[in-house]
Each structure stands twice: as structure tokens, then as C-alpha cells.
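There are 4 protein chains.
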Amino acid sequence: MKPNFQKIIEEISREVLPLLGLGKVANYIPELAKIDPRKIGISICDIDGNVYSTGDCKTLFSIQSISKLFTLCLAMKLEDNELWNRVGMEPSGTAFNSLVLLEEENGIPRNPFINAGAIVITDIILGKSKHPSDSILKFMREITQNKNIKFNDTVAVSERKHGHRNAALSYLMKDYGNIHKEVEEVLNLYCRHCSLELNCEDLARASYFLINQGKDIDGKTVLIPRDVKRVNSLMMTSGLYNNAGKFAFEVGLPAKSGVGGGIVGVLPGQFSISVWSPELNESGNSLIGMKVMEMFTTKSGMSVF
Amino acid sequence: MKPNFQKIIEEISREVLPLLGLGKVANYIPELAKIDPRKIGISICDIDGNVYSTGDCKTLFSIQSISKLFTLCLAMKLEDNELWNRVGMEPSGTAFNSLVLLEEENGIPRNPFINAGAIVITDIILGKSKHPSDSILKFMREITQNKNIKFNDTVAVSERKHGHRNAALSYLMKDYGNIHKEVEEVLNLYCRHCSLELNCEDLARASYFLINQGKDIDGKTVLIPRDVKRVNSLMMTSGLYNNAGKFAFEVGLPAKSGVGGGIVGVLPGQFSISVWSPELNESGNSLIGMKVMEMFTTKSGMSVF
Amino acid sequence: MKPNFQKIIEEISREVLPLLGLGKVANYIPELAKIDPRKIGISICDIDGNVYSTGDCKTLFSIQSISKLFTLCLAMKLEDNELWNRVGMEPSGTAFNSLVLLEEENGIPRNPFINAGAIVITDIILGKSKHPSDSILKFMREITQNKNIKFNDTVAVSERKHGHRNAALSYLMKDYGNIHKEVEEVLNLYCRHCSLELNCEDLARASYFLINQGKDIDGKTVLIPRDVKRVNSLMMTSGLYNNAGKFAFEVGLPAKSGVGGGIVGVLPGQFSISVWSPELNESGNSLIGMKVMEMFTTKSGMSVF
Amino acid sequence: MKPNFQKIIEEISREVLPLLGLGKVANYIPELAKIDPRKIGISICDIDGNVYSTGDCKTLFSIQSISKLFTLCLAMKLEDNELWNRVGMEPSGTAFNSLVLLEEENGIPRNPFINAGAIVITDIILGKSKHPSDSILKFMREITQNKNIKFNDTVAVSERKHGHRNAALSYLMKDYGNIHKEVEEVLNLYCRHCSLELNCEDLARASYFLINQGKDIDGKTVLIPRDVKRVNSLMMTSGLYNNAGKFAFEVGLPAKSGVGGGIVGVLPGQFSISVWSPELNESGNSLIGMKVMEMFTTKSGMSVF
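Residue numbers (this note's numbering), protein chains in the order written: chain V, 1 to 305; chain S, 1 to 305; chain C, 1 to 305; chain X, 1 to 305.
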């Protein structure tokens, strides 16, 4: 009695068309602003590994903050214990790039999905890996089962150049002793992994281990079950910037979004789902992406709640 | 292949005994401070309506903030649309009784589970119900299937007398126009519903509709499925004061706690679970209660993630 | 070589006429909103006791927050030591009625001129005086040398009815143990002293002791010199709501303003000056009043700096 | 009937001896930590140009934040109008190096004496001067009438190396567009002027123009009278970090302090006074320095209030 995923996402693809034009493509860096806004891609990967897709599901896009999900997983593999002393696990209640809480809480970011937290995660990877860029790329290629995954260094350089606020966050944490490497080096790697380009199908596949107790489609362990629970819970409470509560409320899936217009969500034991549509709402989440997710859990009757 | 719930909770009951004495009973009102701290009760109600229990599962205790869960459900039945204009659905990132965000955000509380939000919910019930105390009592008796559920007015009066901070929250919201009734009247009703006394079995049964798409054991609709999703998501992101993230991270269930030492959690489609143990951790959650929940989801391998 | 005060204030009175209409009369309580906005009064009392006046200098107006200056002086006479444990002496950096700092700093208001601080001062007077209203009235009549000074109870009652935010501040401080009397009683007295009505000449005379090392015109001690320094310094750093820095910068006199449109300033050893004009700027200070003060110190070349 | 300044400061020098050892020398950079803590110097320069001194008045020390006073004056000479659009004139109510307000207020520092404000001032000097280091040095040598005034580049480099928080402030302001030059360049110059070394007599002389309506001892204009009022008012409301209110309250002079243990204060028309004693109180002000200032205004009966 499993719902017909293909039929549902085709239906949704048609129904969200009138929403094109209501959001705004990210324009804080020129490279992202160039994107064609009228794109909609959806992919689902079910627990048996079947993939269902519609629309622009094969077009590469900049995953931006969704990379925070994967670098967190990689860092959890590299560094088990110390990690949670350097970054928290509570929702922040403030903007993703705010400095206020960081100052109040002595340089320990609230969670790994706000910028400050993801920067600490990047610093950890830098400290634990000899070739950190390669490690990230290798990890991404493994979980997507796609050897063509690449960074987009034009985007990375452009982002680095405009990232004064991330520099401010980093120097503030360095002042508190929570950045160990040189700030320049950390920010370069951070901007690099944000520039990763995937398509919807890559993204759905890459998240498969999060619905399968940590094992990938070939049965190889990516994360232990305890850590899958942790990652999924962080997506649930903190994965969508200031819309985390609203997304849980309306959609009911652990998920992570990026300003490139992508969102990836998971229902453990059932499916992973990815959407891409570049126009953003005021909180920096894909406007159509959020709607697709809400319609999907409503039509399928499937959510964690 | 369903885990043996009875065996698991009996095991856990023994294993948490060494933790007795590590927390502190709530003492901000004399009535709560009188409780015997060495109490541990656990009850589970599965989707078929079977109840499994151990220890002090028949002893009444003050549910305190857990009442926010049930008054929210009642208010959602009484007032559909306006409710979410008057209270938000995002995690707060600050203490449950903080005034800071309330001031920044013009008197709209972040969610219905911080004190300010629950006070607005109480104000809504007051505005929609002719006999608000009776309505709350009737609702609680129906969902627990227990006609003996009562307020403890000694506790309510004691709490009212010490509730200067709740008065501050209420007057601040009144200043912003988000409390419609008289503050005195709202606070009296608020303290009254916080004083409700249930035992673990009542609490597990009362939450059955949240695991059964809104229907109680007799198949009667308490909430529509959309609203069940909303309530469960709010418990997930905001149900355990400042430990919401940590609880999701370690336990992975939507849940609501109270300073009386109770916690109730749900796994939609599977079970509701309640724990009571009066000693609290620094965030005001039952220290043993949180541990019991964590052990239960680990041993059973069952959580939303 | 003393400047010709009378000539200067007559000149200024003409020059500020074009500013009429640029500000807005306080309208948060109906009684204040009724005032004729086109009023301008100026009075100066020099160190020899000579009074120079222009315009509406004999018309009574509601001194509102200027009463905080005089109740502080009275409280300093009644309670020497404990006072500065219960209220601070630092500028607040936030709005006059903000709750944020109060919460961060455990219910100790930053200074006696923000609302919270003035409410604590009122609580102190209540605790030290058998007939607190009478004490305040007696003190005001003595320092103005005018037996007709009165409260305006219509204004006081109207203010009390709309004062939800002051209630919030008071209950928050009561929660921290920094309000000893009943909140209702404190707020009634607070609103009462805010409703005091004086004219410009009364106000200039009332402040004479602050330019004369604490002695009134008859040589009687109102405050000891150390306390005059303290009061004047508080006016300098915190007397004009969010314009304190700007006022010091442009005018350079210790001063206190009220939303009734009055401002009183002092130059120790030289003169006290009062202005009244009901139209306010965005910070709640008399728009024309601030300009008059600036022009006066510029034309006379006299300021503390 | 002028008080005997020499006698008073000699008396005070003896009376504060028991306070040696109660404060703590700044140790956040090694160079400052090396200083002999048991130093006390006092100098006064009266309106006629006479200098009165005691103790270690000829020993050079690092003026640190006192340089903010002189760079502000220099920037006011270089850039009249735009300056006050880029930095405010209100007391901050938070720590001197806090990022909170800066974030709330879009990168405009509250005043030129908190670090963020002084960094903007440095950026202005960089933008207006071809040889900014030389301009600062030349200005300092003129107002001290001492051609030997120098930077201490060992201190400057050490400070630069530990200045992660100042980098955070600068990048945050750059994000808001309020730093025009490269952050590295701004911070280098900032640390350089903080490393200026003067003795108490230099410092008292350097401030003479602030008591003489902007003219130095030779009658040459350093600042116009309007700007002297502005500078003195900023010292009064914001010159002593978190002790600004307390200092006004107890001392009653416009003043500026530095973590090197220096404080300089002025009484317009009468005298400038400088104190140096390296042990600091919890707010980073010279513990003995504050006491000397308080005793001096009390004994002489001279303050702006």
C-alpha cells in the first residue's frame, strides 16, 4: 500500500508552477545570481534504492549550506568526542549568521548548521585530515556513487570575497579559542565545500544512509545508528534556518536547505527526498522547495509525526 | 518482532536507580517541594491500546508544563485560525520564562510551550469557553478516560502567589495587545491547569490520540491529522525547555516535560510513553526521566529518526 | 560680563517658531494628547535667584518623567546606603522602558531615570514614608517655593490604566526581589508623581539647589554636595532617554526631560533652565525644547564643557 | 582662592598607597604584563599652563585606549561631516569590545570610544591622510609639545597578534560597509596608535586644548569650541568603559582611560589632570587612577557638577 511516489511528485510538479516568480534568487554573490530561476527538480530515493524523479532533476546546482549536513557527517567520522564540546545541539532562535549568541556563549556555536557551527566543523576536518578538500570530495563521491562530483571554484572564490561576516564569526570564535587553524585557511575550505555541485538525484542518493540506519545501498556503514539519530535530530530542530519550526510543523521531516535553492529531507526507514528550485523566501529557503515538501508529506500521508 | 516493552521498562527501572539523588526537586513553590524525590514510574500505551507499566505508575503527580500540551490541543479545537497569529511555531533559543524575545518580537511568543505562549493559549481558551476550567477538566477526563482527574487548588494558589515573572510576561503581552482578558483571570486559569494531577498511566493514555492520527482508543477524533503533525512537531522542536535539541539528539521522540518531574513522549503509529521522577536537572527536566527515555529508544531501537 | 539671559531667551523664542509642527504630542494617554501643541515657555533662574522668562512660562504642564529627578532626590534624603544597591548609575543604552537589560542584570535597573529605576525609587519612598504622596507633594512645594503644586489625578488614573509595560517591569523586578511593596501600590504612587503639574518658572526654581551645592535660595540644605554631584552626573549620562549622548554632545548640560514636553537643565554655579514645548521628537524629548537648550548654550557660550 | 594643586596631589599620592596590590595589570598581551605594577604618577596642567606633578610622572607608559581620544580629535580635523554618520554619540551600555549592538545597529558603533568606534575613526584617518602613522605622530608631538613621542612597535605587533576580537568587529563592520580600507591595514594602524607612549606630564599637556576652548598653550587652534564640547561630552558619557556612569557619579570630570593604567580628565577653564597606575579594576580602568581622580575632585571641590 506504499503511495505511488512517481505519480505524487509529477502531480506536485504541476501544482507548484503558479508559485514561480514569488521568491527571489540569492544575489549576495554574482555567481549564484546568474542562475535561471524557473527550475524545479524533485527526486526520491526509497528504502529499496529505487529513484523517482521529475523536472530538472539532472541539472547541477550549488548545494551551499546543504554541504553542512555532509561535512558534519564526515567530521563525526573523523572526530568522535571532542566535536560536541566545540559545537552545541540546540536550536539557535536567531539568524543563521548572527553573532549575538556566539558572544553570549563564549564562542561555542549553538549547532553545526548555523554558519558558525559549520565553520567549526570545517576547522575540525582541517585538523583531522591531511588533504581536507580531497577527503570531502571523496566522501561526497562515495555517498552519491557519482565520481563526477566537483567543487565550483568560481563560486567558492566569489563567496570567499564577499564573506566578511563569516570572517567576523571566525575571528570571534578564534578569540574564544574555538578555531584552531588559521582563519583564512578555514574560510577557504568552508567556501569550497559550500560550492559543491550536485543534482537532485545525487542529493537523494547521498542521503540514503540517513534513512537506512547509517548504511549505504551496498550495505557499507557510513555512520553508526546513534550518529544517524543525532544528525537527523539536528536537521529536524535546526535544518532550515529560521524556518526550522515552521518546516517541522508543516512538513514533518528532518531536512537541510541551502541558498542555492536545494532542500533534502529524510523519512527514516522509508525515503529520502530532494527538491531544487532557486527562488528563495525571506528566510533563505527555496520557496517552491518548501511547498513541494509540504505537499509531498500531505499527499503521501508520510512524515515522522 | 515488536520489542518486549514490559521487559525493557523493567530493566530500565533497575538500571536508573543509581541516578536517584543526582537531581533536585523543584522548590520554587512549597507545595512541589514536599514531594518524595525517590519516585520512578513508567507507562507505555501501544497503538493497540495495551498499557505496560512499572514502579510508581499509579501515583498522582503535578503535571505542570505538560498541561501546555493539552491546553494547546484544546485551544486548537476551539480556535483554528487566529491562534497561529498570536503565537509562533519556532524554537526560542532562550529560557522558558525569558522576556527578551517577547520584547523584540512585539509580544508574539515564539511557541506555545514557553510560558508566554502557554499564557496566550490560556487567554484563547478563556475567550472561547464559557466555563474554561470545566472545559479543560472535561477534555482531560475524556482523553485520559478517567473521571477522577482534578486540579490541585492548593498548588494552583501557591503557584499564583509566586508567579511574579508570569505576571511580567502577561503584562508585557497585554501592552502589545496579545492578551485580551484581564491578566489576573488569565494567570488564575493558567496556574489552575498547571496544577492538574495525573499518574503515568493517565498520561500515556491521554497522549494516545497523538500516535493514532488524532483518534482516541474508541476511534473518536480528538484532533485532525494535520493538527497532530503540528502538535508533535512543536514537541519535537520545543518540548523540553532548553534541552529540546539535546532530547531530540539523544532520544528522538516528540515529548513534553514539566517541573513536576513528568515527561510524556510519542512515536506516531507505535506508542506513547510517560515517565515520572521528581528530581530535575539544571534545565528543569526530570533527570531520570530523560535517561529513561534515552534508554528506551536505544534498547527498543525505536525513534522517529 | 555675564550674558544677557533675558535677551538671549527672547531671541531664541522667536527663532524656534518655525519648528512648531515638526514634532508630535504624546498620545499614549488621552489626557496628554489634549494639550495645545503650540506652546513654548522658557525660564532661567540664575545663581543669585533672579528669574528670566518668556512665552508660556506660567502655564502648568505635566512634568511626567522630570518627576524622576525630584523623587530621586527625595529618596536620597530618606535612604542613603541601600538605594545604590537597588539601582545602578550607568547609562542603559536601551529604550527607557526596555525589559532586556533588567532580565540580564537580575532586576537591578541601570539607573534611576529609566522607568524601572524610577519605579524602584518609588518603592523606596513608599517603604520609608508614612504618607508617601504627601511627602512628595511637600518636597515639591518646598523646592518650588509654591504651595499650589498639585498632582493631576485624572492624568494619573489615565496613565495607570494604560501602564501595562510598567506593570511588566515591576513584576519582573518583584520576581527578583527588588520591589518590596505591592506592585499595585507602587504603580499608583509612580503614576501620581508623574502627574505633577508645574510651570517653567516652578521648574527652574525647583532645580536651584542643584546649581548651588545643594542649598536652596534661603540657604537651607536640600542635598549634601556629594549627592548634588551624583544627581547631576546621572542627568548628564542618562537624563534624556536615548538622546542622552546627543544632548551632552550638542548642549552640554545635565538635564532631565519628560514626555509632557518639559526639559530642565543646570549649569552648577551659574543657572538652572527649563523649557516647555509639548511636541516631541522620536525619542520622546521635546523637539523645540532640545533646540532651545542647544541654542542657549551656544549663544551664551556656557556649558559644563 | 584656587586650591593648592601640588599639595593636594602629594597628599593623595600618600593616601592611595594602601591600594597597591588590589588591582591587576593587563595581561592579555605579554608586553603589557611586564610592567612594574607599583607605579603611581599624577600631573596637572592648569589653565595658565603651570604643571604640578608627583611620583612616576616622568615614566613613559602605553596609553592604549587613551589614544582613541586623540585620534578622534585628529579625525574631526580631517573629516567634519561624514564622521558622525559612521559613528554615534550615545553611551553603549555594553562591554567595550561587544559585537551585540553593532549587529543590531547595522555596523554603526555607538560612539568613538568603544573599540568598534575607534576602529572606524582609524579607517577615516587612513582614508584622509597620505601618511597616516606620521600624521598621528605629528599631531601627538604638537599637542604634547614633545618631539620624542613614539609608537612602541613591539607592543603594537604583540597586540595585533592577539587581536582576534578586533578583527571580528572590523569584519562585521566591513560587512555593513562601514570599513572602507582593508581590515588588515586598519588594524595595523589601530594597534600602532594604541602603542603610543607618553608620561603623565605629556598627557596633561596634550589635553590642555580641551580646557582652553580648543586652543593650545601658544594660542594655536587645535579644535573649534563646538568640537571641544563634543569631545568632552563623549568622554563624560563614554570615556571609562563600563564605569562611565560611576566615574561621572564619583568624579564628575570628562575623562578617558586606557588598559595601560592611564586616565586623563579635564575641567574646562580650569585644569587637565592625568594619573597613571597600572593595576586595573574589573572594568579595565586603573583602580588607583579612579580613586585619585575621585579624591582630587572631592578635596579641591572642583568638578563639572
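Each hint should be verified, as a subset may be incorrect.
All copies of an identical chain are treated as equivalent in the list; a pair is satisfied when it fits inside any one copy or across any two copies.
What the hints assert, rightly or not - Derived DSSO-like pairs: lysine-lysine, alpha-carbon spacing no greater than 27 Å straight-line:
id, residue 1, residue 2
1, Lys181, Lys161
2, Lys138, Lys150
3, Lys246, Lys215
4, Lys220, Lys7
Hints listed in this document are in silico derivations from the structure and should not be mistaken for laboratory results.
Structure-based check of each hint:
1. Lys181 - Lys161: Answer is both; intra-copy 19 Å and inter-copy 14 Å each pass.
2. Lys138 - Lys150: within (10 Å within a copy, 55 Å between copies)
3. Lys246 - Lys215: Answer is between; shortest inter-copy Cα gap is 24 Å, intra-copy 30 Å.
4. Lys220 - Lys7: Neither: 31 Å inside a chain and 32 Å across chains, both beyond 27 Å.
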